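Participant: Those sequence lines, one after another, are chains A and B. Using my numbering, read the first sequence as starting at 1 and increasing by one per residue. Using my numbering, read the second sequence as starting at 1001 and increasing by one per residue.
Worth flagging that the hints you see were computed from the coordinates, not collected in a lab. The model shown is predicted, which means the values in this text are computed figures rather than measured ones. Some hints could be false.
Claimed, not checked - Here are the in silico distance ranges between beta carbons for each label pair:
1. Arg90(A) / Tyr1006(B): 55 to 65 Å
2. Ser206(A) / Ala1147(B): 30 to 40 Å
3. Thr148(A) / Pro1222(B): 16 to 26 Å
4. Arg158(A) / Pro1222(B): 27 to 37 Å
Glycine included, every Cβ here is placed at the ideal spot set by N, Cα and C.
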Amino acid sequence: MERAMTLTRGIGFGELVGQRVKTGQLATVDANKIELRNFGFHYGSFQAIRNVSMSMPAHRVTAIIGPSGCGKSTLLRSINRMHDATEGARAEGELRLDGINVYDPSVDSVLLRRRVGMVFQRPNPFQLSIFENVAYGLRVLGIRNRTTLAERVEQSLRRAALWDEVKDRLHSSFGTALSGGQQQRLCIARAIATNPEVILMDEPCSALDPIASLKIEDLIYDLREQFTIIIVTHNMQQAARVSDITAFMLMNREKRYGELIESGPTDELFTKPSDKRTEDYISGQFG
Amino acid sequence: MRTFNYRRRKLVDQLMRGLSALATGCAVIPLIAIIGYVLTIGSGAMSWSFFTDVYQPPSNAPEATADAPAVAYDPNDPFANLTVEPEAGTTGSTEDVTNVYNASPRGGVLHGILGTLTIAGIGLLFALPIGIFAGIYLSEFRNERFATIVRFCCDVLSGSPSIVAGVTIYVLVVLQTQQFSAVAGSMALAILMIPIVTRTTEEMLKLVPETMREAARGLGAPTWYSTFTVVLPAALPGIVTGVMLAFARGAGETAPLILTVLGSNIISTDIFKPMAALPLLTYRYTESPYPGENTQAWGAAFVLMMLVLLMNILVRVATRKSGGNSR
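Work the whole structure out from these sequences, hints included.
Facilitator: As structure tokens, then:
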């Protein structure tokens, strides 16, 4: 019940951050962080995904794979309600974060997003200095103390394996002036600076070259000790490399909505998929 | 058949190209002609005192020196320094009239420069907060039906004749307070500036990629916070251009000022009293019977043009420094 409180309105920033540290330590590895039950999503009259039921364990990397248009991104973005601003967007079923349905009217989407951070397909740093980019989320939380900010920014940049490359120009260089791969690591640093519980990654490597992609993959692997990571990817090898759990989605050909075909431990899904369609897709026999 | 078609196509292509070039030339001719004409004639009025002095009545008396200071003109008591003695350098005969008529222009437009900066500046102070916040509303928090109405009203307002704004303020402010004043002029100019600022702000904010808003939203930033920390700074150079456009529009307006600030021959620091402005000086000097003042009308127009140009350059340089990075 205490967890329920942190999602609803009226909780101070400090309390929210304090709560986060405590739960981070307490979280058991096998607990399911996110659970979906008959979850579906509509854009106006168009149903994008339907009837998705699965769980995403805490401190694990869950990969969502599938062909274009199967609703992977919609599913990912519905976890932190990024669609709230879209006209006519509507969810059905349940999407529970630590047992709380995030689509419950009492849940405040701004507070939800402070617990569920996000990294986007294209690196999207702000037109601010590197330091201010990472500090942005902290400032949103109301942290003004210079020492605290500096510490948290350094810590986040180190965790995002970017510190050594930018430490000499934190204030003098714009985030937008970095290379593509560095920008994406900057965005990851920005997302982890506020210590969210869950990090959503929407094809974080699709705009990057193979070397930059590998760096991000290493990073994802390291970060799962502290965060629960959900990653959407086109790249099956990447899913096999970084994830513990894989979910395979496909668009229903007749009804045009995305549905979950199967989900399970990555090893099992890639070696002995239980569904013929999964096997076709991962073996490349899919149109 | 094939050759014929080819030749015809080539011919039509060249014809159309020629016509477009001709039309472009015709469109630029007035602009170049105006600038050139103002430059040539206006430069005749240029002198150091044109920028440092205020209005001086036409006279062929020698320029004031330390030994013989010019007779001060006191607008509150115009007859105070009036003497029956003929001025130095005149004989008191009718020839003097011709001499004064043909005298080279004296005095300057400093009062007009300061007045225009004051009136347009205060007008911008009124228009900026309203215009920018309205633009933010239209782009970031819109309620589509209300936004359509507001947008339509803005477009109508920015297309309406400026004298309408002048008459409105004349009736609502000047007649009510029984006083022509610089502030009333600023209000009239603000009416003309608001739609420009609103629409440019809206358009510039819409150009900011949605990914920027998403990034901030994903970090748990409320819309107002991301608007002021991310979206607005990214759109700033464009918004500044719009603001400069509004300032230029305001600085160049004559009709609303005739009905609100009236004009003045001295440097006035009281914004609740009539004030001089460059377009007003241009207008008054054009009507003057003295050829010297006619020349000064061109000079005032030239200074006005340069003033707007200078402001543009200054603001652009200032904003380039803060937002200066290539994507």
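Participant: List in ascending order the numbers of the hints, as given earlier, that are violated by the structure.
Facilitator: none
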